[in-house]
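Student: Position chains H, L, D, B and U against the provided structure of chain Y, taking the given hints into account.
Each protein sequence line maps, in turn, to chains Y, H, L, D, B and U. Going by our numbering, the first sequence opens with residue 10, and the numbers climb by one from there. Going by our numbering, the second sequence opens with residue 10, and the numbers climb by one from there. Going by our numbering, the third sequence opens with residue 10, and the numbers climb by one from there. Going by our numbering, the fourth sequence opens with residue 10, and the numbers climb by one from there. Going by our numbering, the fifth sequence opens with residue 10, and the numbers climb by one from there. Going by our numbering, the sixth sequence opens with residue 10, and the numbers climb by one from there.
It is worth saying that the hints were derived from the structure and are not from the lab. Errors might be hidden in some of the hints.
Which copy is meant is left open, so a pair is good if it fits within one copy or across any two.
[Said to hold, decoys possible] Once the Cα atoms are required to be at most 30 Å apart in a straight line, the calculated BS3-like pairs of lysine-lysine come out as: (1) K16 with K109; (2) K16 with K77; (3) K40 with K139; (4) K71 with K40; (5) K16 with K139; (6) K139 with K71.
Now for the letters of each chain:
Number of protein chains: 6
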Amino acid sequence: MSKPAPKRFQPPAIDRLPEDIRTRILAVQEKSGFVPNVFLTLAYRPDEFRAFFAYHDALMEKDSGLTKAEREMIVVATSAANQCHYCVIAHGAILRIRAKNPQIADQIAVNYRKADITPRQRAMLDFAMKVARHAEAVDEADSAALRAHGFGDDDIWDIAAIAAFFGMSNRLANFASLRPNDEFYALGR
Amino acid sequence: MSKPAPKRFQPPAIDRLPEDIRTRILAVQEKSGFVPNVFLTLAYRPDEFRAFFAYHDALMEKDSGLTKAEREMIVVATSAANQCHYCVIAHGAILRIRAKNPQIADQIAVNYRKADITPRQRAMLDFAMKVARHAEAVDEADSAALRAHGFGDDDIWDIAAIAAFFGMSNRLANFASLRPNDEFYALGR
Amino acid sequence: MSKPAPKRFQPPAIDRLPEDIRTRILAVQEKSGFVPNVFLTLAYRPDEFRAFFAYHDALMEKDSGLTKAEREMIVVATSAANQCHYCVIAHGAILRIRAKNPQIADQIAVNYRKADITPRQRAMLDFAMKVARHAEAVDEADSAALRAHGFGDDDIWDIAAIAAFFGMSNRLANFASLRPNDEFYALGR
Amino acid sequence: MSKPAPKRFQPPAIDRLPEDIRTRILAVQEKSGFVPNVFLTLAYRPDEFRAFFAYHDALMEKDSGLTKAEREMIVVATSAANQCHYCVIAHGAILRIRAKNPQIADQIAVNYRKADITPRQRAMLDFAMKVARHAEAVDEADSAALRAHGFGDDDIWDIAAIAAFFGMSNRLANFASLRPNDEFYALGR
Amino acid sequence: MSKPAPKRFQPPAIDRLPEDIRTRILAVQEKSGFVPNVFLTLAYRPDEFRAFFAYHDALMEKDSGLTKAEREMIVVATSAANQCHYCVIAHGAILRIRAKNPQIADQIAVNYRKADITPRQRAMLDFAMKVARHAEAVDEADSAALRAHGFGDDDIWDIAAIAAFFGMSNRLANFASLRPNDEFYALGR
Amino acid sequence: MSKPAPKRFQPPAIDRLPEDIRTRILAVQEKSGFVPNVFLTLAYRPDEFRAFFAYHDALMEKDSGLTKAEREMIVVATSAANQCHYCVIAHGAILRIRAKNPQIADQIAVNYRKADITPRQRAMLDFAMKVARHAEAVDEADSAALRAHGFGDDDIWDIAAIAAFFGMSNRLANFASLRPNDEFYALGR
Chain Y
10 MSKPAPKRFQ
20 PPAIDRLPED
30 IRTRILAVQE
40 KSGFVPNVFL
50 TLAYRPDEFR
60 AFFAYHDALM
70 EKDSGLTKAE
80 REMIVVATSA
90 ANQCHYCVIA
100 HGAILRIRAK
110 NPQIADQIAV
120 NYRKADITPR
130 QRAMLDFAMK
140 VARHAEAVDE
150 ADSAALRAHG
160 FGDDDIWDIA
170 AIAAFFGMSN
180 RLANFASLRP
190 NDEFYALGR
Chain H
10 MSKPAPKRFQ
20 PPAIDRLPED
30 IRTRILAVQE
40 KSGFVPNVFL
50 TLAYRPDEFR
60 AFFAYHDALM
70 EKDSGLTKAE
80 REMIVVATSA
90 ANQCHYCVIA
100 HGAILRIRAK
110 NPQIADQIAV
120 NYRKADITPR
130 QRAMLDFAMK
140 VARHAEAVDE
150 ADSAALRAHG
160 FGDDDIWDIA
170 AIAAFFGMSN
180 RLANFASLRP
190 NDEFYALGR
Chain L
10 MSKPAPKRFQ
20 PPAIDRLPED
30 IRTRILAVQE
40 KSGFVPNVFL
50 TLAYRPDEFR
60 AFFAYHDALM
70 EKDSGLTKAE
80 REMIVVATSA
90 ANQCHYCVIA
100 HGAILRIRAK
110 NPQIADQIAV
120 NYRKADITPR
130 QRAMLDFAMK
140 VARHAEAVDE
150 ADSAALRAHG
160 FGDDDIWDIA
170 AIAAFFGMSN
180 RLANFASLRP
190 NDEFYALGR
Chain D
10 MSKPAPKRFQ
20 PPAIDRLPED
30 IRTRILAVQE
40 KSGFVPNVFL
50 TLAYRPDEFR
60 AFFAYHDALM
70 EKDSGLTKAE
80 REMIVVATSA
90 ANQCHYCVIA
100 HGAILRIRAK
110 NPQIADQIAV
120 NYRKADITPR
130 QRAMLDFAMK
140 VARHAEAVDE
150 ADSAALRAHG
160 FGDDDIWDIA
170 AIAAFFGMSN
180 RLANFASLRP
190 NDEFYALGR
Chain B
10 MSKPAPKRFQ
20 PPAIDRLPED
30 IRTRILAVQE
40 KSGFVPNVFL
50 TLAYRPDEFR
60 AFFAYHDALM
70 EKDSGLTKAE
80 REMIVVATSA
90 ANQCHYCVIA
100 HGAILRIRAK
110 NPQIADQIAV
120 NYRKADITPR
130 QRAMLDFAMK
140 VARHAEAVDE
150 ADSAALRAHG
160 FGDDDIWDIA
170 AIAAFFGMSN
180 RLANFASLRP
190 NDEFYALGR
Chain U
10 MSKPAPKRFQ
20 PPAIDRLPED
30 IRTRILAVQE
40 KSGFVPNVFL
50 TLAYRPDEFR
60 AFFAYHDALM
70 EKDSGLTKAE
80 REMIVVATSA
90 ANQCHYCVIA
100 HGAILRIRAK
110 NPQIADQIAV
120 NYRKADITPR
130 QRAMLDFAMK
140 VARHAEAVDE
150 ADSAALRAHG
160 FGDDDIWDIA
170 AIAAFFGMSN
180 RLANFASLRP
190 NDEFYALGR
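Bound-form chain Y, shown alone:
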């Protein structure tokens, strides 16, 4: 139960990883007190590790019209629809912390339509779920509905891009049987 993923995708020991990857992993350990398993599993593929986190940071860490908590709401809602063990547990923890709300992650993971969110956030998640599940049918009417709640084009891109990025991440984590660290379950409760 302590392994992040099946042995066949285990990376080398941390001191044998490429310098930049080892540095990033040590930095996150320093900040969080533990190394989230996604870092260790993706280190199996250094180039993919670098691209993955560059993409992640471009969407999740920059300034945006969406708060960081709202961005995590998108992650939790779409990851739950995709039944992604790692992403729901790990990003559920981050959402609790960023929203300073111990209940919101569980509410959104089970049924975001019943969660204690604003109508604006509901529209945001309706759109994110459409991108996650029926992107082929997304059209101008979806953008119009978002604009009615004050979202601009950059916000709309952000919502779609986060839903799309975790559409990739959820599939990778499910394929690799990536396990959340034990620490995530209780964080922010």
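Tutor: For chains H, L, D, B and U alone, kept in the frame of chain Y given last:
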């Protein structure tokens, strides 16, 4: 019909793009004779552009146990399932060229089960489609089926990662109404 | 946020409820320290309240070949598939307590195929999910698979009956927008 | 073909059943001329028998803003969606009798959208089907649509509760391969 | 309620129909005592009428390795899956008559897996349903399963062709809101 | 790769076919330069061949309020949804020729919502797709939407009938593993 995507997501003119992005775009133009629209649309977001193509190249350009044609088969099969206009047309062209086969892309896009592929490629696409559509149910039996066709762990990772990456790419392209360049329709026929 | 359900289905004050219902509610409050909202909402319909809890207790409280924790696993897995806010949160808490495991409820709610359960419990949940989602296709092969894990006919009935009962309960709770009490979120973590 | 369900779930002979259950069974035999198989199969589990019929009667026999025929329409429509052999045949017979209409049950079972029902009944069945198939998405707009047809809150609860109760009943009957009595096929035609 | 379909698709009066169509309609009236509504509705389009019944007769009336009752089983099972009011009611009647069994049509319409049919007929309907619902995935393994029950290549073609033909017929009838004649409901019971 | 379908459904040599069928086949060869495989495969069953092409011609060759290109759009869109290798490739070629547009068939096959079509054609395809995928839910509102774009009752019948006919044709072709002739892939590009 000549615009790659809705105007609201148009990037600045090419000479006002960041140096590294302009260089990459000019290189692809030099090599292909045109700039695939995905480059222009993603240039709207330079950091995402960089991460996207770094990820793409890590999966699609490196040496691998899968041929480049096989990797494009995965892209076409899963992008068709996701009804992605850009990816099916553009990567269908690349598949025709890499497989030196003018029919294979259309066959795989319509119904990969009826395409002229080897049993090994069929197993590869069955797995890729499961990652694309039901990743939550992927398990060890899927890997065992692939190993029976000679795929190793790195190959299995590649198949899953390509299906996952285009799971993201298809959603982005559908959201942004990204259009394939006219050139792609006829290439390799 | 403190109301168990929309006002239009609020029952009368507790001291105006029928004697037997008031007694049951006070007993559960005595035992748990709070009154789970399902009691208050169903008290809106006293006859349905009585039948519901009689059925619930017949399945969940009696001696059985399934442990109480296993029965709660069935509730959490099928309620998550049905996206039932109340049932996943409330029975997730009960599962954590009965299994003395703070992680198991979240694991089963997100993707029971990735949860830390025994192969026997996996077979149990596979069957429960089939009853919940495709009962029309249940057949003798399903029972044979369960018998191979040591389940007897009474156990098989119990699994099916619990999945069916919460098939009803999930629909009622979703219809009535039944909210879990705040206490449930943290219990057993 | 004359057995109500697989032998492994057969109850004891009728004279060895608990007093209250035997009494109820004899009463229904007296009234109907035969014992519907659901009574015999559920007698395998006396406590569940008692709760099941108490619940059933609370929903189907009491006074309500819905006629008894309308309540049976809900049963037939949702049981057909759930492909429940016993419930469609048995409640189809009851619907024919209560509606004094030999065609209505078959019409509703095949495609309720094409049945000879009033617009009010159509709205009732649209809602019942949503509870049966997509309860997670039920919201206030559904209630508003029903109110526009004159349904009050108690009626709305009744529709949802009947759809939910037969959501349980259909799953039990499909699991137990419960067979309708031969008598039901021709009743009311 | 006595009209076979919406007025806008009503054909001219019977004595103004083309000679061959009038003759066919009078012949069926002579034989059955009434004119099934499908004849009247399709007469709106004489060329389609001729092709439809020529196709129908080629599949349903000729000698075949399938009995006429078995062919009607295919019609009823697939038409129920397609929720076709006309086809289930009208062909249900024909099935009752051809199988000399008043219950079989209702059983197959509700859930063919629970119907009183032979294992060979079950295999036949499993295949017919796959053609009706997932023809894109039909492969050699399906034919092998049928051969194991003694079906030859011509039988397999017949099963598939009947499922396909009623795939068309069900869609036409649902589109045109084609209603079964009152006579069909009670025939053969 | 040169065989139109599995050997077990091969018709006799062309000079041993019934006179009328041989004549039709020779005529199409004269006109097109090759014999589309659907003619050869259906010749395995002469009566079904005659009915099939009579039906096809009644819908696709006559004068109609829909242009021939529009009718082929319906074929391509619905056949792509049904994943029919033969129909998408062969009718894609016909569509390119009739619309004098080398891109339109690929666009419609991948995602008709993103194709370069008029709003009227979009409404036509939305309706055709509903007939193809959810005919049970077609109702008057669908016709009203079409009338708003200038379609009359005869046009509406045509759209529905073409979608229904290819609903049959796609299932037959998928069952029989009917392969498009090599010529179709490049025609009209």
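Student: Each hint should be assessed against the structure and marked as holding or not.
Tutor: Hint check:
no., hint, result
1, K16 with K109, "between (36 Å within a copy, 28 Å between copies)"
2, K16 with K77, "between (33 Å within a copy, 27 Å between copies)"
3, K40 with K139, "neither (34 Å within a copy, 37 Å between copies)"
4, K71 with K40, "within (18 Å within a copy, 34 Å between copies)"
5, K16 with K139, "between (35 Å within a copy, 22 Å between copies)"
6, K139 with K71, "within (24 Å within a copy, 33 Å between copies)"
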